[in-house]
Structures are given as structure tokens and as C-alpha cells.
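Visitor: As a plain string of letters, each chain reads:
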Amino acid sequence: MRNTGERIVQNALMLVAFSALASLLLIAVFIFKEGLPFLLRTGLRDFLLSSDWRPQEGHFGIYPMIVSSLWVTFGAMLVGAPLGIACAIFLNEFVPKSVMRVTKPTIELLAGIPSVVYGFIGVIVVAPLIRSHLGGPGLSVLCAAVILGIMILPTVISISVDAIGSVPNSYREGALALGATRWQSVHMVVLKAARSGIVAGVILGMGRAIGETMAVIMVAGNSVKIPHSALDSVRTLTANIALEMGYATGQHRQALFATGIVLFVFIMILNSLAMAAMKKSVK
Amino acid sequence: MTAAVDIAELDLFYGAFHALKRVNLAIEPRKITALIGPSGCGKSTLLRVLNRMNDLIPGCRIAGTVRLEGRDIYAPNVDVCALRKKVGMVFQRPNPFPLSIRDNVTFGLRVAGLSDSQALDAMAEKSLKAAWLWEQVRDKLDSLATALPLDQQQRLCVARLLAVEPEVILMDEPCSALDPISTAKIEELMLALCEHYTIVIVTHNMQQAARISDSSAYMLLGEMVEFGETPQVFENPKDKRTEDYITGRFG
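From first to last, the protein sequence lines stand for chains V and R. Here the first sequence stands for residues 1206 to 1488, where the numbers follow my numbering. Here the second sequence stands for residues 93 to 343, where the numbers follow my numbering.
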């Protein structure tokens, strides 16, 4: 009797676990099924490297969106990575553990704020600031980079904090005992030991930034063009899909799925890089 | 001869815990002094008083004086970093940094601001030779130090100290992670080093203390029970508690 119960629970759990995995797999299959024929027909080259995006006339070149996505992501890293790493160092090395116990969960709470709220703040606060102080339309690469840079902070900080926290204390003691100052022991030993974990955190943050959609649509301006400065309005890959999916049909719809494939590949590459870095740090 | 390190009426507290009680100790220069006693008796704490590593522990307070060559190392204007260069420390578990062997040995010098790579290399060679490690690592100075065998890691930690030219070397159970052959090598190295350096070693190993030290201090529950020349302490202890410990009736 008890055995039967055990078995039912076990199988039920397995079913649930596999359904999660299966839905992931199905999503991937679906995207590829819808987008791949289009990709093959148009040719990778024309799709990725042409700047001509006029769906009504049958021109599908996503080069401007790729460039914009990379710009925005790179900008977000410039904002988020130094801030996040500095914050992780500070929390680990320069404040009492009790402060860390309060601060870290608070920062992780940032991850729970809906992205539309970040976008809202971008539109209301950051964009006008940029418009009045630096010129341009305000909704721009810079605005998106600042907002995304803040959005990825929880990811970068919590993974970096864990990486730095797992550096054995004996390294710090050894450095201090050789006459190093606190900061010398941190940047000459601790950061080197935690390097791969920190890199993993930054890469995962990058994955979040490149995949973020709502906030970017709200603050990046969305014009399809290759940006010439950080103050230009741009449209990212994610924004392109979200903005046009509602009314796209036929080839246009397939082109958006193909855009999804490109995004999928980008994020897969970033995640495997992060995993490789993490593995290295465990060793 | 004047003492290299002179500890007078030292009390140390971790919060409310009285870890060292009115400790007096005069450590002679260019000798090996062993601190022995059961676990938790305060010998490692006492060792860490000498390079102020206890400063890192929140809630640690001391009273009394500790003089290094006549100067109070707990005076308010003391540069702790400079002190730690003069009083180096080898830890219980070898703790080379996850850097190259070269960067490990030159760490203390680079921390002090030296950046001339030729001078650094020369000092690295000299220190590795002094720690009897040069022959083993001369061809792989750029490989990772943490990949070395444990006893070589520990000698690297010694070399790393020697590079900053300390006066006193503190060793906190330096052989407890090593096998007997490696232990013998470290002991031999210590005997060679004490020609130039004052060495203070904490050890759990009675035979080790008897073999290598010139003087021994027996501590119990934070008190300095007995301090004297090693043969006297081991063969003819004055205090009953020392005798019990050494003969194995306690501890």
C-alpha cells in the first residue's frame, strides 16, 4: 500500500519535472520550425547583414537591430558591471556581515520589480534628463543602457557576492600577513581568485540585458536604424519582435520568428560561456 | 642578550572571553621558541598578537605591552602593514595564492611598491633558494602555485615571507597538514633559518617542540604555566601541570 503511494508520488513528480523540460524544448522546436524555413529561403547573409527592413515590400534585413542590441547590451554592461562588482566587493570586504545580511536580499528584491516599472522610470526621469542635458530625442541607446544597467545589477551583484564570498579566508589572511592593505589583498588576491565567478555573473547579466524587452521598448525609441551615437534612437531584436508580432502575417511573421532564432543563439552562447566560467571557478 | 620580542602583563579578550591572562614572555633573537599546550589554551592567539592578526577579529581587545626590539607594537602610531612585514607568518594549512609561483614569492615586495621586474626576479630566486625550493620550481615559475605538492606549497609560503626580509617568523602549526617526511624537511629548514631569523612556532607535536626549539612555553587555559630552555621544560619541568602534559597524563 505504502509502496504504491510512493510510486504514484514519484511518477507524478517526474511528470511535472519533464513537462517543464518539455515545454522548454517545445518552445525551441516551435521557434525553429517557424523561423528556419524562412532563414534558409532568404539566406543567412541577406537576413543578418542587410540593413533593409521593409516588411511590406518583402525586405527583411535585421542588421540594424543586431547592431542596436549589441550597443544597448554593451552600454548596459558599462553601467552595470562596474557598479555591480564594486558593490559586491564593498559588501563582502568592507562592511560587517550584519550589513550584508540586510543589503543582499534587498538588492535581490530589485530583480522582482516588473520591467515595465523600470521602463516607466526611464521614460519619466532618465529620458528627459538626457534630452535636456545632452540633446537628442532622449529615448536612446544611452537611456536604454542606463535602465538595463540598473536592471542587471541584482544578477551581477548576487553572483559576484557569492563568488567573492567563497574565496577562502586564508588567502586574505596570507595577504594581510605579508603587509598588504585591505584593498591590496582584495585586488591582488581575492578578485583574482574570484575572477571566473565574477565573469559568470557579468555574462549572465549580459544575457538578461540582451533578452530584456518591455523596458527597452519604452526607453530606446524604436527607430530602425544603425545608431551613430549613444543619443540615437534604436530598436533592438527583442523590441522588433514585440512591436510587430501583433500584426505580422506570412513571411513577415516568419521573419520575426527567425529574429527569435538569432536571439536564441545569442543567449545560448552567453549562457554556455557563463556556465564554462562557473565550472572553472568550482575547480 | 636583549629579547627580540618582549611581552609583559598581556591580557587579551574576545568579547567577554578572557583568552590570555597576564602573559609574560621574552623571546630571544635568532632562536626557536615553541609554544605548546592543549587546544584552546591560547597559543595561536598569542602568536597572532605578535603580528596583530587579532586586530581582524571583531571584539578583540588587549591590555599590557608587546615590544618588538624595544618598540611597543600596539602604540597608536604603529603602521600595522610595516609591522607585518617585519613579523611574518606561516599558517597551519599552506595558503599560497591562486597565482603563479613567481607572483606568490614577489607578492610582499609588490605590495610594498616594488615593480622592477629584474629586481623582483632576483629576490624571488634568492628567497626560493633560502626556502630550498629553487631546484624544484626554477623551470615552472609561471605555473600555478596551488598545483604544487603540499610540502612545496608550505615552503613557498616560507619563501614568500623571506622575500620581504622579516625579523621574526611566526609559524602556526606549520606541519600539521604534512606527512612525516615533509615535516622533517620543514623542521630542517627552520633550523637553518634560525641562524638569521627569530622563530616562534606553535605546535601540537611534543616531539617536534623537543627536537627543534631552544626554549619552550607551556600554556594552559590562557595562562603561561612555564617558560624555559627546552631541555629543562621537557626533562625537568618545574610545574606539576607541565609535567602532566608532557608525560601524556593530560592533553
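Among the clues, some could well be false.
Here are the simulated DSS-like pairs of lysine-lysine, each with C-alpha atoms no more than 27 Å apart in a straight line [unchecked claim]:
1) K1309/V x K218/R
2) K1484/V x K221/R
3) K178/R x K221/R
4) K1238/V x K1309/V
5) K1309/V x K1430/V
6) K277/R x K1430/V
7) K221/R x K277/R
8) K218/R x K178/R
9) K277/R x K1397/V
10) K221/R x K1485/V
Hints are computed from structural coordinates only; laboratory data are not their basis.
Visitor: All the hints need checking, so say for each whether the structure fits it.
Guide: Results of checking the hints against the structure:
Using a Cα cut-off of 27 Å, the hinted pair K1309/V and K218/R is violated, with the two alpha carbons roughly 46 Å apart. At most 27 Å may separate the alpha-carbon atoms for a hinted pair to count; K1484/V and K221/R exceed this at roughly 36 Å. In summary, the hint linking K178/R to K221/R is supported, as the alpha carbons are separated by about 20 Å, within the 27 Å threshold. About 42 Å separates the Cα atoms of K1238/V and K1309/V, which puts this hinted pair outside 27 Å; it is violated.
Among the hinted pairs, K1309/V with K1430/V is inconsistent with the structure: their alpha-carbon atoms are about 39 Å apart, more than 27 Å. Pair hint K277/R plus K1430/V does not hold up; C-alpha atoms about 70 Å apart against a cutoff of 27 Å. For the given pair, K221/R sits about 14 Å from K277/R by alpha-carbon distance, which is consistent with the 27 Å threshold. About 18 Å separates the Cα atoms of K218/R and K178/R, which keeps this hinted pair within 27 Å; it holds.
Between K277/R and K1397/V the CA atoms are separated by roughly 31 Å; this puts the pair beyond 27 Å, and the hint is violated. Annotation: proposed proximity of K221/R to K1485/V is violated, straight-line Cα distance about 33 Å (limit 27 Å).
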